[in-house]
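Chemist: Chain by chain, the residues:
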Amino acid sequence: METNQNHLAIPIIKIPQGRLGMWVLIAGELVIFGGLICCYLLFRIRYPHWGAMAANTNTFIGALNTVVLLLSSYTIVRAHGAAVKLDIAKARLWMMCTLLGGVMFLVDKSIEYAHEISEGFTFTSPKLVAAGDHVGSLFWSFYYIMTGLHGAHVLAGMTAIFIVMMQIRKGNNMHRVELVGMYWHMVDLIWIFLFPLLYIAK
Amino acid sequence: MENLHHKKSFWSKYIFSTDHKTIGIQYMVMGMFMAGVGGYLAYVFRYNLAFPGKSIPFYGMLGAEQYNAFVTIHGMIMVFWVGMPVLLSAFGNFLIPIMIGTDDMAFPTLNALSVQIFFLSAVILIASFFVPGGAFGGGWTMYPPFSAGGYLNHNPDFFKALFSGTSLLILAVALEFVAMLMGGINFLVTTVNKRAKGMTPWKIPVIIWFLNIGAVIFMFSVGPLVAGAFMLLFDNVLGTGFYDPHRGGDPMLWEHLFWFFGHPEVYVLLLPSLGVLAEIVPVFSRKPLFAYKTIIYLALLSAFLSVLVWAHHQFVAGIDPRMATFFSIGTILISIPFAGIFLSYMATLWGGKITMKVPMLWAIGFIGLFLIGGLTGLFLGSNTFDIYAHDTYFVVAHFHYTLFPDIFFGFFAAFYFWFPKFSGKELNPKLGKWHFWLTFIFFNGLFFLLFFNGLAGQHRRINDYSSFSLISREPYQTFEQIATISAIGLILSQFIFLYNFISTLRSNRKSVKNPWESTTLEWLSDSPPPHGNFNPYPVVYRGAYDYSLPDVPEDFTPQNVPNPNNN
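Note that the protein sequences, when read in sequence, are chains W and F.
The opening position of the first sequence corresponds to residue 806 in the working numbering, with each subsequent residue numbered one higher.
The opening position of the second sequence corresponds to residue 4 in the working numbering, with each subsequent residue numbered one higher.
If you're looking for bench data, these hints aren't it; they were derived computationally from the structure.
Just so it is clear, the structure is predicted and the values come from calculations on it, not from any experiment.
It is possible that part of the hints are untrue.
[Stated by the list, open to error] Here are the in silico distance ranges between beta carbons for each label pair: (1) W/N861 with F/L458: 53 to 59 Å; (2) W/T964 with F/T328: 45 to 51 Å; (3) W/T964 with F/P204: 34 to 40 Å; (4) W/A832 with F/M326: 24 to 30 Å; (5) F/T481 with W/G953: 51 to 57 Å; (6) W/Y879 with F/L508: 54 to 60 Å; (7) F/T328 with W/G953: 37 to 43 Å; (8) W/A857 with F/F19: 51 to 57 Å.
We put the beta carbon where it would ideally sit given N, CA and C, even for glycine.
Chain W with its partners taken away, still in its complex shape (with noise of 0.2 Å):
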């Protein structure tokens, strides 16, 4: 399944390449989330106000929108196995499925993205800085860095896996469905620490 070209080079850690390449890029990711996090954090802490913030979006939908991505990472773990098995027309299957997890993932954040915006609360919040609550423009505009870094995040998963469904096509490249599953659990677990922070806690 691995491709090393330097066949006389033996490698003394026995991790395939492509997969502790996206362990480092994975490492890489969650530190920009984590710092992000850290920032967001920090001011949670400096101003108790920004529950009443939280307390306007929509519960319902981000916990829907967990259950559709942890469902989704379900079934490209089900493509990982099909493609150990070299089972083409199932391992795309289940691709197809979790491309489908990723679509409505972004419908569902479009959605609660328009109704949010038609309230007033955008990336500046004119209306609640005009009513002179300057705090409370901040939190939007950390709600919609955080999960407007995350859907670009889905966005890149999603094309990663669109790719790699058309390379496996001709049962090239099958190792890559594992590597874009991890990519995709990456996805799967920032939004897992998303949740709780900007929507939960109020």
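Since the structure of chain W is already known, use the hints to place chain F on it.
Modeler: Then chain F, alone, in the frame of chain W:
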């Protein structure tokens, strides 16, 4: 295998190549070009400092705003577009595969993408000089409120704000980080997975260890700054208030995010150069490296400490004095591992058969100059002294005494040492010595007197001292002039190097295969190394520093010579 490749065009061979050696050379050439840009900026604002109000040859009059922009971009270029590509990317790409005995990086395509993104970032940086309003001039640390347009402007014009010097600088830095992250992934995976047979962790040359430790520190400190850069960009183009205290934000947040990355970054730059010393000093002393394992452990310790010291850049920013004490102690502690590493190099020199060839001159010059930079760093690490010296020329002299030897002496040591490897030609050693001595003398002329300017209280962010009669008193203005004349001399002496470089490339002074009689794997391959590097691939039996072994006729034993004692 080499013969099966058909002749490649210039573009696919030199521009869009995925070969690690070509990519290393691309990074090096781009870094050298950017060093020229940064040096030119330094020349312009140094001239303005020494002779305020005079027209500057090859530039013209320099206004106060342009002065600020030039100083800012000089700092940015020298750290992110010279130090990073030359020390981390050029050394890493060129040396890692060939010193661990393999054919290429783990992900060659990713590697090529990284160099292209780096090129794009350099273009955006230089373009920022030519947008309306000019390049960003708020200092290379980009502190808000200078860098956050939204601070003053709650409803910025999106496109106008996006194409301002500030936003372009943030974008360029972000792209540069992406390029370096891709490189870092490659370094780690290559070193873990692709070593030659027998190359166990304790047989890896120190420079490979250090490049990887540097890549790890970079990856784990840059993340929060990437997030912070997004926030800064949104403050600029959308008018959010992440760093605006009036709107609940906090400008101190940026300082913490910046220095949480910015201080480890110093060690990201320092470790590759220290690795170069570890390769050069034993070769020219004909002795094994002293305390190889201890050096690695000390570097790991310094990597750990490096993320605990960042707030020593913020002693005057109004942080809690109790916190300042913590960071003072951390800062003074981190000098211990580095002192240990330098002492190991000096112990390697002790009793060795030292030959002062050109790479060795640069290495010894590095050790001597860095000592001054390191010792003044101890003063500044103590918050009581730092509050007095902060933002004076003392700090300027201190960090140039650390970063200049680190970036340029480290680079030149490596360049003179590995030039025969990547070109197969031999540089003119006489010109090399001229280059070294002139650089060494002019560098000291440039920065040593500035320590006294700083102690006399001269502030470092003033473009024209003639308006401040209290601090423009003699002899400090004369010191500024000596510094500027030395700076011009320093820049001119680099032309000796350029001449040597280009004339050697055009000549046919062939180098022998292993000119310095070194033990490491890269000298087993042809010079310049072919695509694929080795045929057959080497097998490693011993550590990287087996010089002057007893009972061996030659005074060096390459890593691929079987070791009867320990197989």
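Chemist: If a hint holds in the structure, say so; if it doesn't, say that too.
Modeler: Hint by hint, here is what the structure shows:
no., hint, verdict
1, W/N861 with F/L458: 53 to 59 Å, "56 Å, holds"
2, W/T964 with F/T328: 45 to 51 Å, "49 Å, holds"
3, W/T964 with F/P204: 34 to 40 Å, "37 Å, holds"
4, W/A832 with F/M326: 24 to 30 Å, "28 Å, holds"
5, F/T481 with W/G953: 51 to 57 Å, "56 Å, holds"
6, W/Y879 with F/L508: 54 to 60 Å, "59 Å, holds"
7, F/T328 with W/G953: 37 to 43 Å, "39 Å, holds"
8, W/A857 with F/F19: 51 to 57 Å, "55 Å, holds"
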